[in-house]
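Undergrad: The chain contents come next:
There are 2 protein chains.
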Amino acid sequence: MDFPSFVSEREAGALPAGFLAGAVSAGLKGEDIPDVGVLVCTSPGVTSAARFCDSGVLAAPVLLCQQECDLAAIRAVVANSGNANAATGELGMTQARLVQVGAANALGVDPSEVAVASTGVIGVQLPGERIVDSLSGVGATLDAHNADQFAAAIKTTDTLDKHAALSVELPSGTVNLSAQCKGAGMISPHFATMLCFVETDAAISAERADMLLGASVERSFNRISVDGQLSTNDTAVVIASGASGIEIAPDSEDERHFAQALDALLLQLAILMVKDGEGAARVGRIQVTGGDEQATEAVARAIANSPLVKTALHGGDPNWGRIAQAIGATLRGTAPLEFNIKLEGIQVCRAGAAIDFDRAALVRAVQRDEVRYEVNLPGTGSVAEYFFSDLSHGYVTINAEYTT
Amino acid sequence: MDFPSFVSEREAGALPAGFLAGAVSAGLKGEDIPDVGVLVCTSPGVTSAARFCDSGVLAAPVLLCQQECDLAAIRAVVANSGNANAATGELGMTQARLVQVGAANALGVDPSEVAVASTGVIGVQLPGERIVDSLSGVGATLDAHNADQFAAAIKTTDTLDKHAALSVELPSGTVNLSAQCKGAGMISPHFATMLCFVETDAAISAERADMLLGASVERSFNRISVDGQLSTNDTAVVIASGASGIEIAPDSEDERHFAQALDALLLQLAILMVKDGEGAARVGRIQVTGGDEQATEAVARAIANSPLVKTALHGGDPNWGRIAQAIGATLRGTAPLEFNIKLEGIQVCRAGAAIDFDRAALVRAVQRDEVRYEVNLPGTGSVAEYFFSDLSHGYVTINAEYTT
Chain A
69 MDFPSFVSER
79 EAGALPAGFL
89 AGAVSAGLKG
99 EDIPDVGVLV
109 CTSPGVTSAA
119 RFCDSGVLAA
129 PVLLCQQECD
139 LAAIRAVVAN
149 SGNANAATGE
159 LGMTQARLVQ
169 VGAANALGVD
179 PSEVAVASTG
189 VIGVQLPGER
199 IVDSLSGVGA
209 TLDAHNADQF
219 AAAIKTTDTL
229 DKHAALSVEL
239 PSGTVNLSAQ
249 CKGAGMISPH
259 FATMLCFVET
269 DAAISAERAD
279 MLLGASVERS
289 FNRISVDGQL
299 STNDTAVVIA
309 SGASGIEIAP
319 DSEDERHFAQ
329 ALDALLLQLA
339 ILMVKDGEGA
349 ARVGRIQVTG
359 GDEQATEAVA
369 RAIANSPLVK
379 TALHGGDPNW
389 GRIAQAIGAT
399 LRGTAPLEFN
409 IKLEGIQVCR
419 AGAAIDFDRA
429 ALVRAVQRDE
439 VRYEVNLPGT
449 GSVAEYFFSD
459 LSHGYVTINA
469 EYTT
Chain B
69 MDFPSFVSER
79 EAGALPAGFL
89 AGAVSAGLKG
99 EDIPDVGVLV
109 CTSPGVTSAA
119 RFCDSGVLAA
129 PVLLCQQECD
139 LAAIRAVVAN
149 SGNANAATGE
159 LGMTQARLVQ
169 VGAANALGVD
179 PSEVAVASTG
189 VIGVQLPGER
199 IVDSLSGVGA
209 TLDAHNADQF
219 AAAIKTTDTL
229 DKHAALSVEL
239 PSGTVNLSAQ
249 CKGAGMISPH
259 FATMLCFVET
269 DAAISAERAD
279 MLLGASVERS
289 FNRISVDGQL
299 STNDTAVVIA
309 SGASGIEIAP
319 DSEDERHFAQ
329 ALDALLLQLA
339 ILMVKDGEGA
349 ARVGRIQVTG
359 GDEQATEAVA
369 RAIANSPLVK
379 TALHGGDPNW
389 GRIAQAIGAT
399 LRGTAPLEFN
409 IKLEGIQVCR
419 AGAAIDFDRA
429 ALVRAVQRDE
439 VRYEVNLPGT
449 GSVAEYFFSD
459 LSHGYVTINA
469 EYTT
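Chains A and B, in that order, give the protein sequences.
Each residue of the first sequence is one higher than the one before, starting from 69 at the first, in the numbering used here.
Each residue of the second sequence is one higher than the one before, starting from 69 at the first, in the numbering used here.
In case anyone wonders, no lab produced these hints; they're calculated from the structure.
Check before you lean on any hint, since a few could be wrong.
Unchecked claim - Derived DEER-like restraints, expressed as beta-carbon distance ranges:
id	chain 1	residue 1	chain 2	residue 2	range
1	A	GLU197	B	GLU361	43 to 51 Å
2	B	GLN435	A	PRO112	57 to 65 Å
3	B	GLN355	A	ARG400	25 to 33 Å
4	B	ASP100	A	ARG432	30 to 38 Å
Since we're looking at a predicted model, the values are computed, not measured.
Just so it is clear, CB atoms sit at the ideal spot from N, CA and C, and this is done for glycine as well.
Given only the sequences and the hints, what does the whole structure look like? Please build it.
TA: See below:
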């Protein structure tokens with residue numbers, strides 16, 4: 069992932085002007101391990117936007133944000149790991165509300181300005197009071213350079229740090245952009261299972277922020293798969309402090325550049341999630357062309373989610389029949405289908421049939437850290453690209469013993 | 069799986085009257101390892117029916133059967149393991165035709181009476197001539213008690229034998245029924261990825277045989293999942309020799325009993341496939357009630373296919389949040405959804421919320437060889453039941469190195 073030329077990286081942990089972040093421990097992940105991250109914007113003219121997954125089993129914090137927050141004016145975030153507060157019913161809603169109100173009190177803001185988020189085990193009641201108690205110490209941890217500590221506090225099975233801080237040169241001046249994510253398992257192309265918090269000191273209307281966030285999520289977190297499993301807690305929030313004094317006008321050159329930077333930022337973090345997929349050792353990148361939008365999307369998702377493709381990727385097995393299987397399983401009833409397959413640029417299948425290729429070269433090519441797959445369907449309609457992790461012994465180990 | 073009271077098991081390998089089976093080696097799986105199974109019906113009044121999967125990437129033998137066989141009058145089967153003859157184009161079709169004609173010559177029947185089937189690696193040309201050469205020796209292997217040898221020849225990653233021979237007492241007299249299957253990986257609830265050949269000495273019209281086969285497949289092979297992956301080669305064939313002299317009339321009591329026996333036979337073999345799923349150690353049984361047919365089917369499939377549910381089953385982890393996740397991911401946009409979950413009869417979730425339960429009892433219960441999950445959705449419309457295997461290190465090992 070390369071950033072556009074007008075984007076440069078800032079020191080890790082740096083927040084845009086107008087933001088403070090910190091972390092405390094409520095003992096959800098063990099004694100004194102930070103597991104509650106807090107983010108707050110101190111500027112008066114804050115705007116925001118948020119996106120959530122659409123699972124039929126939405127976690128209490130997601131429902132609470134949708135019901136109790138002014139999503140266009142979120143100023144603070146309180147996010148815990150170690151407990152998803154999902155499938156917890158009315159009590160779960162009450163605990164989430166307790167955390168929201170407790171954080172509002174600790175930060176001196178209105179509860180409707182506080183987004184809550186949780187990640188961890190499903191079906192266990194959240195000890196809201198313990199989180200509220202821990203928040204009494206949060207003031208001392210808040211700092212304009214603590215985005216990394218915030219990001220660390222929301223990790224579950226994540227092994228890589230998932231945060232970035234950028235400086236973006238817009239035609240009207242320089243603004244800063246940062247984001248912190250978590251996500252390693254239960255990652256699906258239907259809104260990856262993750263939390264993502266984005267901050268900027270640009271001034272942008274809530275409507276335009278919402279539009280940009282929606283488009284960037286569609287091109288990043290909706291394009292990755294660890295295991296094809298949709299979570300109950302997905303949340304993405306962008307908060308704009310306006311503290312840079314640079315205003316991003318609708319449809320301006322500023323907005324186009326800002327959107328490109330946001331796209332690149334979220335795609336980088338999304339790919340990091342795949343790379344850090346539970347037990348993952350390798351990344352697959354599938355591009356499907358031809359057909360129509362529905363067909364290319366469906367085939368790319370099926371390949372990205374296939375345990376047979378993922379295990380072959382894991383083993384460096386040049387078994388492209390797994391790709392053919394996923395194509396056929398998706399486009400049922402279309403046989404004989406004339407599709408082409410390339411692995412790392414080496415064509416192995418043309419018009420639906422195996423062709424001769426340099427097997428030794430292919431065996432070498434599929435050993436790479438990232439393996440590129442290309443599928444071409446009949447027609448010229450569309451392109452879909454997805455990123456996915458392999459399926460390894462590590463994934464089995466992590467998930468066979470998640471709660472025990 | 070219990071058989072109906074009027075069904076009893078015969079010795080392993082026994083075929084109904086009018087059938088012979090045998091196996092030869094074409095060297096597809098190694099020197100002198102039987103890898104080509106042959107079945108032939110010697111009775112004059114043969115009838116048959118066949119079902120195939122509907123993948124967009126159908127294997128050449130499936131396309132050939134559909135194009136060249138009289139599916140109501142199949143008398144012989146030639147099935148090889150070690151090579152799927154899928155994604156092999158026109159050359160693959162020619163090789164399949166070569167095998168069909170070669171088998172017809174060896175058995176003295178018409179090519180249109182010979183069903184061909186292949187299973188194994190996708191995307192590698194089938195050495196048809198080697199199979200035809202091997203068939204010159206098939207006559208000496210044909211025997212009325214060799215169904216087990218036929219079944220062994222079509223195994224790929226299967227470790228269990230998958231065949232059964234039954235005696236069925238119908239009101240009009242006793243008929244025999246036998247079946248041989250293969251299937252361990254690429255097993256999905258959309259027609260499990262398998263080959264299945266069924267023989268009977270009952271006399272039944274091709275139309276009724278087709279109807280009964282369709283219904284039984286729907287209730288057996290369409291209700292199991294190893295890895296949710298649809299194959300390119302699925303084939304189920306039933307052949308009736310009529311040699312018992314017992315005629316099964318449409319809508320008769322005979323037909324109802326025969327249908328029950330066929331259902332029980334195919335379900336037993338289907339569950340055996342799950343038990344023998346690649347790397348599988350344990351079987352999950354999910355029953356979803358309530359809602360409507362579409363919802364119960366979709367939720368049961370999602371649970372049966374979920375790698376998170378499968379790894380939890382593998383590890384004996386009582387993590388029912390994985391079930392909640394799969395429900396929510398399937399019924400998107402319905403939150404808050406009031407569903408109930410039981411594991412081994414222990415209720416853990418009521419109206420969408422965690423409840424107190426005896427955790428020690430649950431931990432013990434999920435250690436069993438078969439674990440029963442029950443999900444209840446709002447409404448009273450429907451019931452769906454699926455069987456699935458766990459996801460283990462063995463699955464990863466087998467599929468990471470399938471062709472290498």
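Undergrad: Now look at each hint and say whether the structure bears it out.
TA: Hints, one by one, checked against the model:
1. Checked against the hint of 43 to 51 Å, the pair GLU197(A) and GLU361(B) passes, with Cβ atoms roughly 44 Å apart.
2. Taking 57 to 65 Å as the suggested C-beta distance range, the pair GLN435(B) and PRO112(A) conforms, at roughly 58 Å.
3. In this structure the hint that GLN355(B) and ARG400(A) lie 25 to 33 Å apart at CB holds, the actual value being about 26 Å.
4. Between ASP100(B) and ARG432(A), the C-beta spacing of about 33 Å keeps the proposed range 30 to 38 Å intact.
Checked against the numbered hints listed earlier, the structure breaks none of them; every hint is satisfied.
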